[in-house]
Amino acid sequence: MDGMGAVGLRDTLIAGARVIDPASGFDGVADVLVRGGLIADIGPGLGAPEDAEVVRAEDAVLCPGLVDMRAELGEPGREYRETIKSVARGAAAGGITTLAALPDSLPAIDDPALVRLLRARGEETGSLTILPYGAVTRGCAGEQLAELGLLREAGAVGFTDGGRAIGPARLMRLALSYARGFGGIVVQHPEDRSLAEGGAATEGELATRLGLPGIPAAAEAIQVGRDIALARLTGGRLHFAHVSTAAALDLIRRAKDEGLRVTCDTAPPYFDLNEIAIGEFRTYAKLSPPLRAEADRRAVVAALADGTIDAVASDHQPRDADDKRLPFAEASPGGAGLVTLLPITLAQMHGGAISLPRAIALMTAGPADVLGVAQGRLAKGGVADLCLFHPDRAWQIEAGRMPGKAQNTPFDGRAVEGRVMGTWKAGRRVFG
Amino acid sequence: MRHLLAIEGLSPATIGELLNLAESYALLNRSGKTQRDVLRGRTLINLFFEDSTRTRTSFELAGKRLGADVINMSVSTSSVKKGETLLDTASTLNAMQCDLLVVRHDQSGAPNLLAQKVEAAVINAGDGTHEHPTQALLDALTIRRHRGKLEGLVIAICGDIGHSRVARSNIHLLLAMGSTVRVVGPPTLMPAAIEELGVTVFHDMAAGLAGADVVMMLRLQKERMTRNLIPSSREYFRFFGLDAAKLAVAKPNALVMHPGPMNRGVEIDSAVADDPAHSVIREQVEMGVAVRMAVLDRLSRPAVAPVKGARR
Numbered sequence: 001m002d003g004m005g006a007v008g009l010r011d012t013l014i015a016g017a018r019v020i021d022p023a024s025g026f027d028g029v030a031d032v033l034v035r036g037g038l039i040a041d042i043g044p045g046l047g048a049p050e051d052a053e054v055v056r057a058e059d060a061v062l063c064p065g066l067v068d069m070r071a072e073l074g075e076p077g078r079e080y081r082e083t084i085k086s087v088a089r090g091a092a093a094g095g096i097t098t099l100a101a102l103p104d105s106l107p108a109i110d111d112p113a114l115v116r117l118l119r120a121r122g123e124e125t126g127s128l129t130i131l132p133y134g135a136v137t138r139g140c141a142g143e144q145l146a147e148l149g150l151l152r153e154a155g156a157v158g159f160t161d162g163g164r165a166i167g168p169a170r171l172m173r174l175a176l177s178y179a180r181g182f183g184g185i186v187v188q189h190p191e192d193r194s195l196a197e198g199g200a201a202t203e204g205e206l207a208t209r210l211g212l213p214g215i216p217a218a219a220e221a222i223q224v225g226r227d228i229a230l231a232r233l234t235g236g237r238l239h240f241a242h243v244s245t246a247a248a249l250d251l252i253r254r255a256k257d258e259g260l261r262v263t264c265d266t267a268p269p270y271f272d273l274n275e276i277a278i279g280e281f282r283t284y285a286k287l288s289p290p291l292r293a294e295a296d297r298r299a300v301v302a303a304l305a306d307g308t309i310d311a312v313a314s315d316h317q318p319r320d321a322d323d324k325r326l327p328f329a330e331a332s333p334g335g336a337g338l339v340t341l342l343p344i345t346l347a348q349m350h351g352g353a354i355s356l357p358r359a360i361a362l363m364t365a366g367p368a369d370v371l372g373v374a375q376g377r378l379a380k381g382g383v384a385d386l387c388l389f390h391p392d393r394a395w396q397i398e399a400g401r402m403p404g405k406a407q408n409t410p411f412d413g414r415a416v417e418g419r420v421m422g423t424w425k426a427g428r429r430v431f432g
Numbered sequence: 001m002r003h004l005l006a007i008e009g010l011s012p013a014t015i016g017e018l019l020n021l022a023e024s025y026a027l028l029n030r031s032g033k034t035q036r037d038v039l040r041g042r043t044l045i046n047l048f049f050e051d052s053t054r055t056r057t058s059f060e061l062a063g064k065r066l067g068a069d070v071i072n073m074s075v076s077t078s079s080v081k082k083g084e085t086l087l088d089t090a091s092t093l094n095a096m097q098c099d100l101l102v103v104r105h106d107q108s109g110a111p112n113l114l115a116q117k118v119e120a121a122v123i124n125a126g127d128g129t130h131e132h133p134t135q136a137l138l139d140a141l142t143i144r145r146h147r148g149k150l151e152g153l154v155i156a157i158c159g160d161i162g163h164s165r166v167a168r169s170n171i172h173l174l175l176a177m178g179s180t181v182r183v184v185g186p187p188t189l190m191p192a193a194i195e196e197l198g199v200t201v202f203h204d205m206a207a208g209l210a211g212a213d214v215v216m217m218l219r220l221q222k223e224r225m226t227r228n229l230i231p232s233s234r235e236y237f238r239f240f241g242l243d244a245a246k247l248a249v250a251k252p253n254a255l256v257m258h259p260g261p262m263n264r265g266v267e268i269d270s271a272v273a274d275d276p277a278h279s280v281i282r283e284q285v286e287m288g289v290a291v292r293m294a295v296l297d298r299l300s301r302p303a304v305a306p307v308k309g310a311r312r
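If you read the protein sequences in the order shown, they are chains C and Z.
Numbering follows our numbering, in which position 243 of the first sequence is assigned residue number 243; successive positions increment by one, without gaps.
Numbering follows our numbering, in which position 17 of the second sequence is assigned residue number 17; successive positions increment by one, without gaps.
Please keep in mind that the hints were generated in silico from the structure rather than gathered at the bench.
Treat the hints with caution; some may be incorrect.
What the hints assert, rightly or not - Derived Cβ-Cβ restraints for the label pairs, each shown as a range:
id, chain 1, residue 1, chain 2, residue 2, range
1, Z, Ala95, C, Arg193, 39 to 49 angstroms
2, C, Arg170, Z, Ala248, 51 to 61 angstroms
3, Z, Thr92, C, Glu147, 49 to 59 angstroms
To be verified - Below, simulated EDC-like cross-link-like pairs (lysine to aspartate or glutamate); rule was C-alpha separation at most 20 angstroms, straight line:
id, chain 1, residue 1, chain 2, residue 2
4, C, Lys380, C, Asp41
5, Z, Lys33, Z, Glu60
6, C, Lys380, C, Asp27
7, Z, Lys117, Z, Asp106
8, Z, Lys117, C, Glu330
9, C, Lys256, C, Asp369
10, Z, Lys117, C, Asp322
11, Z, Lys117, C, Asp320
12, Z, Lys64, Z, Glu23
13, Z, Lys222, Z, Asp269
14, Z, Lys117, C, Glu280
15, C, Lys256, C, Asp306
From the three backbone atoms N, C-alpha and C, an ideal C-beta is built for every residue, glycine too.
Construct the entire structure; sequences and hints are all you get.
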């Protein structure tokens, strides 16, 4: 489907893994036969055809290739941080085979030609499908609406201004309203700009002690509350990215109960870390939105479990040392996240907050459904995008030794359980 | 103690030692003698990314009185390409074999960053809205000389607490030494959750100053008005400026302090600032030199070798 159908590849039989496909609800030990880039068969005790490569996968879990619905590429414009090639390397190592790319690059993805370019560049990697978001506004500058129709036609998976919140209520209303006609979600960075401006950390005792300009946690709920009202007004399809506070999650929970077309994702730092991580001015833990208080972290965990949160995205934001080795308030926010998406999400499974199928759903069918794309599922006859991982195998996250270019992980030194053993893109093994 | 980056985290014992040492330097300074052998052959660099004549001069004088070679480096943050400054500067300083580095920066945490990269002992001379440790030490020394102690005193810190590194360092120090600390100011200039540090918050000068032993005023930057944190300087002075009437509710012999430079008629009335019965503002400047001599002396000493057999 993405031109990656690999003709002439050897058949592969992945044998004996616990196969989990949240989209269909399948969860059981089975063999998966891959032929011609597609899943030829799924079932227990499949024989290996002659010449087939057999991957013994007892004790491992096989699931759809992960769908990362939010990542920054670095390219075009900030290749010193990350290139598409290095993103593809990191993604493959993290079990990610489909990635939705944020448009606030240089230039911003506000032109149909750029959307086509990114899709093509994804195919060139041979390991990663890139689904570009189109900008909501030209240059992601928050003023003039971009050509949403043309962007969608060129293959934009949705619309967002990336890390910049869509500020004026009128503009958001128009975006939600106009995008309806073309399909495609509007993804908001939920943060009231006037409250967040100049801030570097969540307002509270820690920011006060460190003397850092604070952003009140309420800046998130304020934006979410307004945008839900606009979704109600327009009937638009609204998605909130990296939600990180209890108050915002409560509003989203109620909007869903009301039947509004509202969804949300979060990212691993917001359920694994709290603001204490920035102590001693650690800029690698400077994120946007900033890390929150422990009570908010717990609320995010609860929302992962109760279904309020639809997806976990890597929120991969590559930065290099020069972006980060600055006084805290001047350092660029953002953390690398491709390789840590799976293990940090699995930590919630190991901690008992969510089941293994739920953890996988949050990284496969969940985001695929939000985006309305076909990836993120295992089906006979479907494209063989696969992730094979060992849920218990331990390793240590170490900045400087991660696959890909970006090394700015907020999880440096963290021991995790859950290791990707193999990643297949359209039937071809691209990692492991 | 390898660096002096913050008061937060210093033990009461360490603070007490520094104050005792500073006290002895205060007496030495008054006697007109010097001890130029203490830092002889050492290089002290004053690295100021933010203008501050008085703090820089105070460190310069302290270094010279102890015999150090003192060099002043002023770095205009705007002229240097953002980002490269600090770490490039650090490697330059390492090459110069600087022993003591005094840093003033407009960003919180900048001295911490430098301390990771330079070989010199780093002294924070004020970083953003984080800390200004030597100011808190000199304030404490001034109070102690007048009251003989810090424990049990009621100290009211008034004004723009939110943007004040002086307030933060003073809060940490005074609480560590057993004082009771109140912070007084309009809610828009009060940092979030400041009460978690152990202080009591007041938004009314009469209540905040009632029975206080010491009233510390903070400088109000003009920028606070343009950012709408307060409507005007005259309104500020009416409710939060220290004048004789507001001071009257404090203890009769209350000390009035200000880290300088003062905005007369904004946060403090001249009549109070210049009243010798209360104001110790001039003495703060004098103690500033003594405290900085003590800090330079202490940080230039070789680290104490671990006691044999002691647990490491």
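Results for each hint:
1. Z:Ala95 x C:Arg193: 39 to 49 angstroms: 43 angstroms, holds
2. C:Arg170 x Z:Ala248: 51 to 61 angstroms: 54 angstroms, holds
3. Z:Thr92 x C:Glu147: 49 to 59 angstroms: 50 angstroms, holds
4. C:Lys380 x C:Asp41: Holds: lysine 380 of chain C and aspartate 41 of chain C sit about 5 angstroms apart, inside 20 angstroms.
5. Z:Lys33 x Z:Glu60: 17 angstroms, holds
6. C:Lys380 x C:Asp27: Holds, at about 15 angstroms.
7. Z:Lys117 x Z:Asp106: Holds, at about 19 angstroms.
8. Z:Lys117 x C:Glu330: The given pair, whose Cα atoms are some 18 angstroms apart, holds under the 20 angstroms limit.
9. C:Lys256 x C:Asp369: Given that 20 angstroms is the threshold and the Cα spacing comes to 15 angstroms, the pair holds.
10. Z:Lys117 x C:Asp322: 14 angstroms, holds
11. Z:Lys117 x C:Asp320: 18 angstroms, holds
12. Z:Lys64 x Z:Glu23: 18 angstroms, holds
13. Z:Lys222 x Z:Asp269: Holds, at about 17 angstroms.
14. Z:Lys117 x C:Glu280: 15 angstroms, holds
15. C:Lys256 x C:Asp306: Holds. Lysine 256 of chain C to aspartate 306 of chain C sits at ~12 angstroms (cutoff 20 angstroms).
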